[in-house]
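Asks: So you can see what is in the structure, the chains are spelled out below.
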Amino acid sequence: MSSTEQGTSSAAPAEPTTAPESAAAPEVPESFYYVHGKDKVVHKVSAGALQHSALIHGMISNLGYTEEQAKANPFPFENIDGDILQMVVDWCNQHKGKPTPPEDTNLPKQKEKLFDLVLAVNYLEIKELLTYCCKQVAMMVKGKSPEEIREIWMIPTDAEDEAAEKEAKKRAGKEAAGETAAAAGDAK
Amino acid sequence: MILSKYPYVVQKEILDHMKYSELFLLSFASKNMKKLIKSSQMNRFQSVSLIKYTCDHRGEPWVHVHYGNNSERIMIIAKHKEDKYGYFQLKVSGKIIDFRSHPRKYRNIRLRSIENSYYPYSVASYPPSEKETVVQSIHNYFLGFFGNSMEYQWEAKYLSDESFYIPFIPQLQNVSFHIMIQMDQNFAYMENLDNLFSLSPVLKSIKLSTASTEPINPESKFYQAESIEIKQLFYASPVSFHHFKGRQLSITGVGIREDLIEFVNRWKSGEAFQKLEYLKFKVFMINPLHNGILNEIGAKYIDELKQPPAHTLPKV
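Residue numbers (my numbering), protein chains in the order written: chain B, 270 to 457; chain U, 484 to 799.
Hints in this document: simulated from the structure, not taken from any laboratory. Glycine included, C-beta positions come from ideal geometry on N, C-alpha and C. Among the hints, erroneous ones may be present.
Sample of chain B residues facing chain U (criterion: CB under 7 Å; computed from the structure) [said to hold, decoys possible]:
{"hint": "1", "residue": "C403"}
{"hint": "2", "residue": "A407"}
{"hint": "3", "residue": "S414"}
{"hint": "4", "residue": "I424"}
{"hint": "5", "residue": "D427"}
Extracted from the complex, chain B is given alone in its bound form:
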């Protein structure tokens, strides 16, 4: 599990394990990084767990932060709700260094939570978790009629799509006219 620096439960940073005498090389102590979401609650996550996220892995791979530097510079993900980031961190910790199973039954069942989780996971580029989440979203419409699917996924009707398109065109036209008028004003 992740440890949080503010608010939620906290766990002591993992101590480097003592290498057995027979081992040829001593184990390298695990490094930790810090992330926070919209709620500013900081989560301490091991580099091993963060490897699931291609985005964060790319960010940290060349930093070479010391523990203090990492603590002082948590990665801000202001576009991700705190509880969603907690779910992501938990998942990364649970699957650290393990092959991912074909199914994951611990994903949120509530539509809105799952929706936010998908966006976060896509942003953080966690491929396996994105696959599970998308499968879960696809599963929501099993055995449903097109009308029921439209309600679940809030798919606009053709009439709504047409109205939105018309509105977008109108807006684009107005913006273009505004730009032309501004350019003419500048020329004068």
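Based on the hints, put chain U in the right spot on chain B.
Replies: This is chain U only, laid out in the frame that chain B set:
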């Protein structure tokens, strides 16, 4: 949850997890959704090699999508019946058709999960008078949805206890028709069959088991089928070789008929049956004419200890 707020890659990933039958239903949610399915699933649709309608003696087709070495049942088209789960209506190629989903029945409720509560395919239903138009509308929708570059096949076959049936052959574009029928001496049945051939498009293949000796009308489109496979119970046959216009002919029977000599020699000389590329006779009993006929057609004996020449039969 607003699906359209997801980036395209996420929308694609979600659709990647849906079965063909689910994508079919989803395509009715909106025109934009149909466009999204077609663009995001282009590669998947390109892997579809065949869409096959399989009918039994009731003429209620089961539709399967074949891809790679797999297939998925996407729909059953069946006569309308009351259903406690109710129907929903879809406008398919301009025609309103009743559909219902197909829940699974579980003896052990603990086995039930979201994923396996339903059979993935839906049931399209038709009132008896609208059977053909319903099938046509669905097929036309498939042509637009999956594209017309793949093969569409219609197969009508009998079950053992319902042998003497008249296959249901609708008028459909871009479809090859394959039927499996049995004939007996029943005159009315023969007449109905004759009628079927006259109204149907030219068939791709016919597998015929026959105990009838009543000849098939020489003008019948039966003889235009690309491939005919006959199993005949009696020496006399309802099929006259001379009218055959297809590519492959296979006959399994009780003996070799005399008219075979003329047939084979005309074929070998190029005088007739230019389209014929494969002829097979399998004989249960050797009749007195056997060796004489084989000599007349110039048949060669193959030493059973030697490897016979291989011939690859083009698939029809």
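Asks: State for each hint whether it applies.
Replies: Tested hints:
no. : hint : verdict
1   : C403 : holds (4 Å)
2   : A407 : holds (4 Å)
3   : S414 : holds (4 Å)
4   : I424 : holds (5 Å)
5   : D427 : holds (5 Å)
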